[in-house]
Amino acid sequence: MSATASAPVTAISMTVNGKEHSAEVEPRTLLVHFLRDALGLTGTHIGCDTSSCGACVVHLDGDPVKSCTVLAVQADGASITTIEGLAGEDGSLHPVQEGFWEKHGLQCGYCTPGMIMTGAALLERNPHPTEEQIRHELEGNLCRCTGYQNIVRAIQFAAEQSS
Amino acid sequence: MYPEQFEYQRPSSVSEAIGLLTANPDAKIIAGGHSLLPAMKMRLAAPAALVDIARIPELKGISASGDGATIGAGATYRELMDDAALAAAYPVVAETCDKVGDPAVRSRGTLGGSLAHVDPAADLTAVMLALGASVTATGPNGARTIGIDDLFVGLLTTTLEPDEIITSISLPASSAGTKQAYEKHSHPASGYAVAGVAVALQVDGTTCTSARIGVTGAPEYAMRATAAEDALVGKELTAETIAAAAEKATEGLGELNGDVYASAEYRAHLVKVLTRRALTRAAL
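Line by line, the protein sequences give chains A and B. In this text, residue positions in the first sequence follow my numbering: the first is 1, and each later residue adds one. In this text, residue positions in the second sequence follow my numbering: the first is 1, and each later residue adds one.
Worth flagging that the hints you see were computed from the coordinates, not collected in a lab. Idealized CB from N, CA, C, for every residue including glycine. Be aware that a few hints might be false.
[What the hints assert, rightly or not] Restricting the straight-line Cα-Cα distance to at most 30 Å, the calculated cross-link-like pairs of lysine-lysine (DSBU-like) are:
no. : chain 1 : residue 1 : chain 2 : residue 2
1   : A       : Lys19     : B       : Lys179
2   : B       : Lys41     : B       : Lys28
3   : B       : Lys248    : A       : Lys103
4   : B       : Lys248    : B       : Lys179
5   : B       : Lys179    : B       : Lys235
6   : B       : Lys41     : B       : Lys99
[Said to hold, decoys possible] In silico negatives: residues of chain B with every beta carbon more than 10 Å from chain A:
no. : residue
7   : Glu16
8   : Lys60
9   : Ala87
10  : Thr138
11  : Ala176
12  : Ser190
13  : Gly205
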């Protein structure tokens with residue numbers, strides 16, 4: 001994505017994982033590219049790049065979004081949380097991360113950041129979802145290893161931690 | 001994938017946004033962007049400028065009661081799902097939003113965007129037809145009201161002018177508290193409606209006094225199934241009258257969509273089945 005002389009740029013700033021960042025970006029820069037290429041936060045993955053697979057899910061002002069389908073300029077002024085920002089400052093894992101560890105919720109790991117971010121957003125809205133609700137909320141996240149059983153168990157484990 | 005270059009503008013009011021659209025015929029409106037950005041990334045659309053209306057305060061807010069509802073065009077699917085008063089009077093809206101895309105899509109997509117884009121496989125288009133909604137559109141010459149029956153006219157085509165913006169959507173008192181349901185056959189990969197049917201029925205005792213049925217996915221654009229509606233009005237709502245009405249659900253829809261996943265013939269079958277299911281769940 002090399003900028004040409006005439007390429008318009010827009011100044012943006014956003015809080016990512018609690019840290020303020022300012023930059024000038026081409027308006028066409030996708031949020032996922034900004035996070036990965038400008039900020040070096042490569043935990044957010046690019047899977048399908050067509051808003052189908054959910055590997056790029058991050059939280060925008062608390063809501064899960066597919067960062068391949070949000071422009072960085074649209075996130076100007078927002079607060080973003082990526083997988084890197086989910087654990088506590090002391091390194092203590094988020095309950096959903098803990099669940100993926102305990103229940104072997106990953107195989108190749110490619111979908112995992114998006115799965116965890118979607119699972120964490122679900123538990124924010126609904127701390128004690130049924131299995132059916134978990135599966136419904138994961139409809140936008142694909143695991144090509146097809147490891148869904150343990151992903152669901154991982155989120156159930158996390159839900160049980162907050163009784 | 002990334003789109004072609006464009007200029008990005010973020011006006012703070014509707015009038016400022018209209019000024020930008022009027023000044024640049026190659027500009028496009030973006031709200032949630034979940035139809036436009038994928039099209040731009042695929043290079044199917046390359047607007048010279050994007051006018052971002054997502055944060056304009058006038059486009060936000062939902063007020064609903066048994067006397068009607070007014071919904072800011074910028075309301076996201078999630079906001080529609082979370083509004084308790086809207087859910088009490090028009091439960092089919094939240095029910096349908098929960099069937100749109102996935103949680104990340106519901107965070108971004110907006111009602112106004114869905115109605116202005118009129119994707120043939122959108123969900124809320126059928127629901128707004130069933131509820132008898134109207135939209136307020138504002139352009140350089142002021143605001144006007146467009147009944148939902150006069151909004152959709154073709155594939156991805158509405159009666160909106162290029163420099164008009166849907167600012168709000170109104171739902172009438174007459175459809176508050178009606179018997180409502182939305183039934184959908186989702187495409188297994190995309191989640192879009194292969195066919196979807198929304199119904200809103202008024203009843204007196206068990207007699208249907210008014211019926212509105214919106215169909216999406218199968219026709220070229222969301223349309224009402226008026227023959228099925230006519231078959232219900234004045235009738236006792238029973239399994240038999242519902243089945244008879246559902247058989248008429250494809251009348252007047254024109255040539256139906258067909259693709260590698262679902263032929264036009266299969267979609268016609270789906271429309272009838274989904275109409276029967278929606279009517280049954282709403283009424284019985």
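Hints, verified against the model:
no.: 1; hint: Lys19/A <-> Lys179/B; result: violated, 49 Å
no.: 2; hint: Lys41/B <-> Lys28/B; result: holds, 15 Å
no.: 3; hint: Lys248/B <-> Lys103/A; result: violated, 51 Å
no.: 4; hint: Lys248/B <-> Lys179/B; result: holds, 20 Å
no.: 5; hint: Lys179/B <-> Lys235/B; result: holds, 15 Å
no.: 6; hint: Lys41/B <-> Lys99/B; result: holds, 25 Å
no.: 7; hint: Glu16; result: holds, 17 Å
no.: 8; hint: Lys60; result: holds, 14 Å
no.: 9; hint: Ala87; result: holds, 15 Å
no.: 10; hint: Thr138; result: holds, 22 Å
no.: 11; hint: Ala176; result: holds, 26 Å
no.: 12; hint: Ser190; result: violated, 7 Å
no.: 13; hint: Gly205; result: holds, 35 Å
The structure fails to meet hints 1, 3, 12 from the earlier list, while all remaining hints are met.
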